[in-house]
Every structure is written in C-alpha cells, then in structure tokens.
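Trainee: These protein sequence lines are chains A and B, in that order.
Using the working numbering, read the first sequence as starting at 13 and increasing by one per residue.
Using the working numbering, read the second sequence as starting at 23 and increasing by one per residue.
Derived by calculation from the structure, the hints in this document are not laboratory data.
In this text the structure is predicted, and so the values were computed from the model without any measurement.
C-beta: ideal position from N, C-alpha, C; glycine also.
Any given hint might turn out to be false.
[As the list claims (entries may be wrong)] Think about it this way: if two alpha-carbon atoms lie no more than 25 Å apart in a straight line, the pair counts; the simulated BS3-like pairs of lysine-lysine are:
#1 A:Lys273 - B:Lys58
#2 B:Lys98 - A:Lys235
#3 A:Lys302 - B:Lys58
#4 B:Lys98 - B:Lys58
#5 A:Lys338 - B:Lys162
[Stated by the list, open to error] Far from chain A by the CB rule (all over 12 Å, computed), these chain B residues:
#6 Val33
#7 Ser59
#8 Ser61
#9 Asp119
#10 Lys162
#11 Thr168
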Amino acid sequence: MIRHLRSSRKKLLRNLTLGMLILLLSNCEFFINSLEQPASANAGDVITAKLDMNFQTQAGPYTNRIVIGILAPRAWKLGQNQNVKITYSGDKGTGTFVPIAANVVAAKAKNNENWATRMKNRFGVGPNYIDDMEWVPFWTATAITTLQNENVHAVFNIQMKVGVDGANTSVKLGYVVCNDSDGIGDADITLSPVKFADCLEVKGTGDLIDFCNPSLTSLTPTKALDNDFQTINYNNSLVDTQLKGLHELYLCATAHTSDGKDISICTQAETSKMMETDPNQFQITFWPRKFFNLTAGQSITDIDYFITNKAGTLKVGYGNTDVPFKLKFVCE
Amino acid sequence: MINKKLFPAFVLLVYVLGAASCKTDKLVPDVIESNKSISGTWAIASATQNGRELINLPNGMTHLAEFKITFTDDGKYTVENPVPFIVSGNGQYKFNDPQYPFDIAFTADGAQAPVKSTFLSPNVQGDRRITLTFSPGCDKNVYKYTLKRTN
Chain A
13 MIRHLRSSRK
23 KLLRNLTLGM
33 LILLLSNCEF
43 FINSLEQPAS
53 ANAGDVITAK
63 LDMNFQTQAG
73 PYTNRIVIGI
83 LAPRAWKLGQ
93 NQNVKITYSG
103 DKGTGTFVPI
113 AANVVAAKAK
123 NNENWATRMK
133 NRFGVGPNYI
143 DDMEWVPFWT
153 ATAITTLQNE
163 NVHAVFNIQM
173 KVGVDGANTS
183 VKLGYVVCND
193 SDGIGDADIT
203 LSPVKFADCL
213 EVKGTGDLID
223 FCNPSLTSLT
233 PTKALDNDFQ
243 TINYNNSLVD
253 TQLKGLHELY
263 LCATAHTSDG
273 KDISICTQAE
283 TSKMMETDPN
293 QFQITFWPRK
303 FFNLTAGQSI
313 TDIDYFITNK
323 AGTLKVGYGN
333 TDVPFKLKFV
343 CE
Chain B
23 MINKKLFPAF
33 VLLVYVLGAA
43 SCKTDKLVPD
53 VIESNKSISG
63 TWAIASATQN
73 GRELINLPNG
83 MTHLAEFKIT
93 FTDDGKYTVE
103 NPVPFIVSGN
113 GQYKFNDPQY
123 PFDIAFTADG
133 AQAPVKSTFL
143 SPNVQGDRRI
153 TLTFSPGCDK
163 NVYKYTLKRT
173 N
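Please model the complete structure; the sequences and the hints are all you need to start from.
Mentor: Below, the structure written as structure tokens:
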C-alpha cells in the first residue's frame, strides 16, 4: 500500500514536471482581438468572417501549424465541397488553411480522437440550444515559425457557404484557434481561445431551425395531424417572461384550415387551461379537431399560438417575443 | 436423504407416473364456439398514445371520459362524444372471424373502405374489456384504447 502510494506520488511528480516542461517549451498564447461576421445572409450565400488575432511566444523558436475550428450546423456540411476557404495575412505574410483529415489525431487527445471530436468534447455547441452541430477543423497549409518573445499579428479571412440545406436557420457560429502541438486542453483558454458570434439569421425556406433561442415550448408527439392528441409543453422558468411566477396559464391559438379559414380560440376557459405538471412546467393536451370545432370536411394545416395569463392580458410568444409559436401538422 | 437402494425404485415410479399422465382426453370439447358478442355501450377505461397514458389527464383537455360507443348484434355501432378514434362517424363493424376475432373493421356511413384495428378482449377482474389499437392521425402515433361496458 505504502509502496503503491509512493509510486503514485512519484508518478504525479514526474507528470507535473513533464507538464511544466511542455508548457514552458511550447507556451504560445493566442488572442482573438475581434470577430466580424454578418448578422444575416440568404441560404446558399458565401459570407465572410474575419478573426483578428495575435499570438505571443515567450520562448521559442517554434514551428507549428495553426489550427482553426468552426462550429456550424451539421446540415451545412462545412467540411465538404470546399464550402469554406480560409486565408491569413499579417506579420508572417499570407497563406491558406486546408481541412484537417478525419484520421489525424488531435494534440492533447484523450482517446486518440480527431480534431473535430476534440473540439466538440471541449466546447460542445457553445451557447447554441440544439445539439445538431459540428466543429470543422482546418490548419495552415505549412508550418509557421515564431521567434522568442515575438508577438505576431494576423487576420484570418474565412469565407463560408452558409445554409446549403436551404433551411431557415438562426445560429451562433463558433471559432477556436490553437496550434497543432499545444492543441486544446481541458481548461486553459490562452492556448486555444474560443469565440462565438452573435446570432446569424440565414433566410431559407420552411420552418425556422433556431439554434440561438431556448425553446419555451415543446411538442408531444413531435409530429402529429389534427386528428391526433397534441400536447404542448411550456417551460415557465427558462427565461424571465411576463408570465414568470404565474400558475394559471392558458393557450391562445389560431388554427389555419386547408379551406383558408382562421379559427381563433383565445378565451381563458377550462378547455384551454394548462396544467402545471411540475413546478413551472405546464402542459395542455388537446384534440385539435374538437378544440377548434372543425366541420367534417375541414382540416388544420398549422396553428399559431401564445401562452397567456388568466385575464388574457399578458402573452408570451416564440423566443419570449410577441411573434406566435408555430405548430405545423405534418407527419414527416 | 433417499436410501441408495430405494432410489432406482423411486426413479421408476416417477417415470411411470409421468408416462401415465401423458394420456389425455380431448383437449377441445365438442361444443361450437359461440360468436363473440360485444353488444352494449362501452366507455374508455384506458387510453395510451405511443405508450403514454392519457386517461389521467384532465377530462377538460381530452374529453376521453365522455366517449361512448354502442355496438348492436346486427353489426352496427354508434359513437357519442367523439375523440380521436378509428372512425369519426356511426356505421357498421365486422370481425374477421366471429368466433375467434383478432381484428375488427369499422365502416363509417358514407366511407369507401373499412378501417381495421386489432381486437383483444381480455378479462379484467371478471369484466370483459375490449382493446383496440389504431392510428387516427400520423401513422407513427399509435393509440391503444381499452373499453369497458358501462352497463
């Protein structure tokens, strides 16, 4: 036992020394001075993001490739078809970035994972709310040499085709920068700083895929028709809405029918009252055909809805705005 | 502990008893299975959507407690206070096999073709129940209603 403790203490010491040595040897700090990125684009457009960078080396000289990872919706396929072109210019001249192949193991990998996985494991999807995103890694085509106490300035020019899936999307893209020997550690951010852009609105077609905003409501089942029981779940503690702290909430909804009519049910009645299933978690289950009193030949294509207080004076809509939530009746 | 000498005799006894027990009378008695009758009025005892129980939700939301269906022996049914169901109007019903039904077809008045549901009739505490399985909306949403007689 004692021997075991001794040997583990020895191991710890050895690892610590080794770690310090590595830090000293390759301490090259990155700073993202600024990030410029447009706030909106059309699906299929090529947008340009600019990262203004500084990297400082205390010791050196070092010769490393610079790595950049971009976080984007999986459906955009940034890693394919040259959807991304990155160049740099600055104190070290100009150059280009190329994709890092998936079989390249990342520096500081825990289980031989590649760069994309290492970035995902470390940063997840950042401030986004839907985990259907990927980190796409690139590195400089050639290694760059920095000298002792050098402070290099460079601007990365990132051109990327957004929304190749054609869908209406709002998303906060992410950028991480490091070098190919320091990689991305578990805690430090000086060696691999990360920056997430403000919400980018990509105009396409169809229902908005909203990575930026928390979802106040959710549906059970997620796909239904007007002849199904539909449950709307509402989370009254997610953000500070006008309804915060209230316990009597109602559904206020307008159905759009296939014959072009709008049927509005916005009375605060027993049939539209939401049930508090857990503290601040509300739910209403209804049969849309009955809720909206459809006639035999009518059917509902979609519903706009708000959550209201008992008096009907306070309304909460999509993303805590006065735009209604939308519910579309489709099976696929 | 079984005596070592007695053990072979014991084994033989077990064998003989076992062999004798294989002689059976007819398993199925010579009576004709009667046609299953579900005549009467039925209400919902349990209703699930994709395995989620709906009957515990407030009736003001689902209206499941008000639903009634009445079957008559002449093959007709009537629905009161409809909810999402196999069919939406009154009409006729038919078993695939009147003696051993395992599915039931509903043809609403004016409908072109019947709509089928699997049919089970378990006994719960001496009461006959009917369990119907169907999808009134999207195919992937599967409902299971268990009905009990109201009278």
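Trainee: A separate judgement is required for each hint: does it hold in the structure or not?
Mentor: We went through each hint and held it up to the structure:
1. The suggested pairing of Lys273 (chain A) with Lys58 (chain B) is violated, with an alpha-carbon distance near 46 Å, which exceeds 25 Å.
2. In summary, the hint linking Lys98 (chain B) to Lys235 (chain A) is not supported, as the alpha carbons are separated by about 33 Å, beyond the 25 Å threshold.
3. The hinted pair formed by Lys302 (chain A) and Lys58 (chain B) fails the criterion: a straight-line CA distance of about 33 Å is larger than 25 Å.
4. Among the hinted pairs, Lys98 (chain B) with Lys58 (chain B) is consistent with the structure: their alpha-carbon atoms are about 14 Å apart, no more than 25 Å.
5. For the proposed pair Lys338 (chain A) and Lys162 (chain B), the alpha carbon gap of about 21 Å is at most 25 Å, so the pair holds.
6. With a least beta-carbon separation of about 57 Å from chain A, Val33 (chain B) lies farther than 12 Å from that chain, consistent with its non-interface assignment.
7. For Ser59 (chain B), the non-interface assignment is confirmed: its Cβ lies about 30 Å from the closest Cβ of chain A, beyond the 12 Å cut-off.
8. For Ser61 (chain B), the shortest C-beta to C-beta distance to chain A comes to about 27 Å, beyond the 12 Å cut-off, and the non-interface label holds.
9. For Asp119 (chain B), the requirement that its beta carbon stay farther than 12 Å from each beta carbon of chain A is met, with the minimum near 29 Å.
10. Listed as outside the interface, Lys162 (chain B) is inconsistent with that label: its C-beta sits roughly 7 Å from the nearest C-beta of chain A, within the 12 Å cut-off.
11. Here Thr168 (chain B) stays apart from chain A, with its beta-carbon at least about 16 Å from theirs, past the 12 Å limit.
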